[in-house]
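> Now for the letters of each chain:
Number of protein chains: 2
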Amino acid sequence: MRLSELSRVSRVSPATIKFYLREGLLPPGEPTGSRRLAEYGQSHVHRLRLIRALTEVGGLPLGAIRDVLAAIDDPGLGMHDVLGVAHSALAINPKGATRSTDLHAARSEIDNYLAGLGWHVPAVQAPARDALAAALVALRQLGWRCETDIFTPYARLADRLAERELDIIPTDAPRDRTVEAVVVGTVVFETALVALRRLAQAHHSARRLGEPP
Amino acid sequence: MRLSELSRVSRVSPATIKFYLREGLLPPGEPTGSRRLAEYGQSHVHRLRLIRALTEVGGLPLGAIRDVLAAIDDPGLGMHDVLGVAHSALAINPKGATRSTDLHAARSEIDNYLAGLGWHVPAVQAPARDALAAALVALRQLGWRCETDIFTPYARLADRLAERELDIIPTDAPRDRTVEAVVVGTVVFETALVALRRLAQAHHSARRLGEPP
Chain A
934 MRLSELSRVS RVSPATIKFY LREGLLPPGE PTGSRRLAEY GQSHVHRLRL
984 IRALTEVGGL PLGAIRDVLA AIDDPGLGMH DVLGVAHSAL AINPKGATRS
1034 TDLHAARSEI DNYLAGLGWH VPAVQAPARD ALAAALVALR QLGWRCETDI
1084 FTPYARLADR LAERELDIIP TDAPRDRTVE AVVVGTVVFE TALVALRRLA
1134 QAHHSARRLG EPP
Chain B
934 MRLSELSRVS RVSPATIKFY LREGLLPPGE PTGSRRLAEY GQSHVHRLRL
984 IRALTEVGGL PLGAIRDVLA AIDDPGLGMH DVLGVAHSAL AINPKGATRS
1034 TDLHAARSEI DNYLAGLGWH VPAVQAPARD ALAAALVALR QLGWRCETDI
1084 FTPYARLADR LAERELDIIP TDAPRDRTVE AVVVGTVVFE TALVALRRLA
1134 QAHHSARRLG EPP
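Chains as they are written, first to last, in the working numbering: chain A, 934 to 1146; chain B, 934 to 1146.
Simulated from the structure, these hints should not be mistaken for lab results.
We treat Cβ as the ideally placed atom computed from N, Cα and C, and that holds for glycine.
It cannot be assumed that every hint is accurate.
Restraint-style ranges between C-beta atoms, simulated for each label pair [stated by the list, open to error]:
| id | chain 1 | residue 1 | chain 2 | residue 2 | range |
| --- | --- | --- | --- | --- | --- |
| 1 | A | Arg1108 | B | Gly1011 | 50 to 60 Å |
| 2 | B | Gly966 | A | Pro1055 | 53 to 63 Å |
| 3 | A | Ala1106 | B | Ala948 | 37 to 47 Å |
| 4 | A | Asp1044 | B | Arg999 | 32 to 42 Å |
| 5 | A | Ile1101 | B | Asp1006 | 39 to 49 Å |
| 6 | A | Pro1107 | B | Asp1006 | 29 to 39 Å |
| 7 | B | Glu972 | A | Pro1055 | 16 to 26 Å |
| 8 | B | Gly1051 | A | Pro1107 | 13 to 23 Å |
| 9 | B | Asp1035 | A | Asp1044 | 40 to 50 Å |
Working from the sequences, and respecting the hints, build out all of it.
Right, dumping it as structure tokens:
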């Protein structure tokens, strides 16, 4: 199909498609006789949908999407490594607070806590570890008397979820489809989980704390 | 204490404190004899820590923090309403995709799904509902053959978490402390949950999918 048809099918504007082509996020189409026209296929439609999912559902910036797509396309990368790239691409707070000595101490506490859970966490996960440390420091500075075990209910749920999420990865599908499923699952269900926690809180809070209308 | 002391105790720079004062995020200090000096107290230290937690752990922009602080400070607002303000202040993807007809249909599916869970979701939670609808559309466009029940494992966990989170809200503490605890809990543990899911995924993925070193 031509670019106009690709735009219609994918519901992505021609200008945006050209932008993705220039930025190398979308591979070029097959050249045709005419110098200025190219032919696109289903793989282009699919790639555009993947870019949209990462942008619109995952909120990933363009540079992060580039890294994730490169990892998916690199046949030398194993699934575990691609997951690491997806995790690094997803932003996580905190952005500030890295200078505090409290934070430095809290990082060690979190490392011990994670080791106690039996989780072996690679260096690429440092932002997630730092986010937990910053959460602990913030709670204490606000007067919460808490230890790392305040995270245990969350850690238990996360543990069960992750096991389940890895269970449903097909092991007999071709690499590119499996790897994409891992990335999509990580990104899309993170948004879904956050949304569902808020909806559940709203529901329970209305029941318990809401005033009668 | 004077502003320089407030800066030292709170580890927030004098320029940033002055900025928060100008923006009305931090209430003015008590005037002293001198026209240009004011006296600050523990409530200012605490408020600065709250602002830092919302910024650095929650990633909230300044406008959102203003709304959350105003809700905390408004004695006429019940706890359930303050939680709604905190939820609205937290950004959620998606930012785009609102024009698609698929999304419109998916919204109804999500509404039915949430009703089926017995969750009554107020209008203020529309962004979370839309995020779920966008997640469903994205999965299907990428070839996942899925219905809303793909979210059920996440919804069950979110349900249990929310119940637990509401259980530990003290019911006998003064309003301002309780309301703040609700906001801090929502914001800080959202980051913690996301971080823990990624850490758990990294751990399980290394065990199952990682190549031996």
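> Against the structure shown, which of the earlier numbered hints fail to hold, in ascending order?
3, 6, 7, 8
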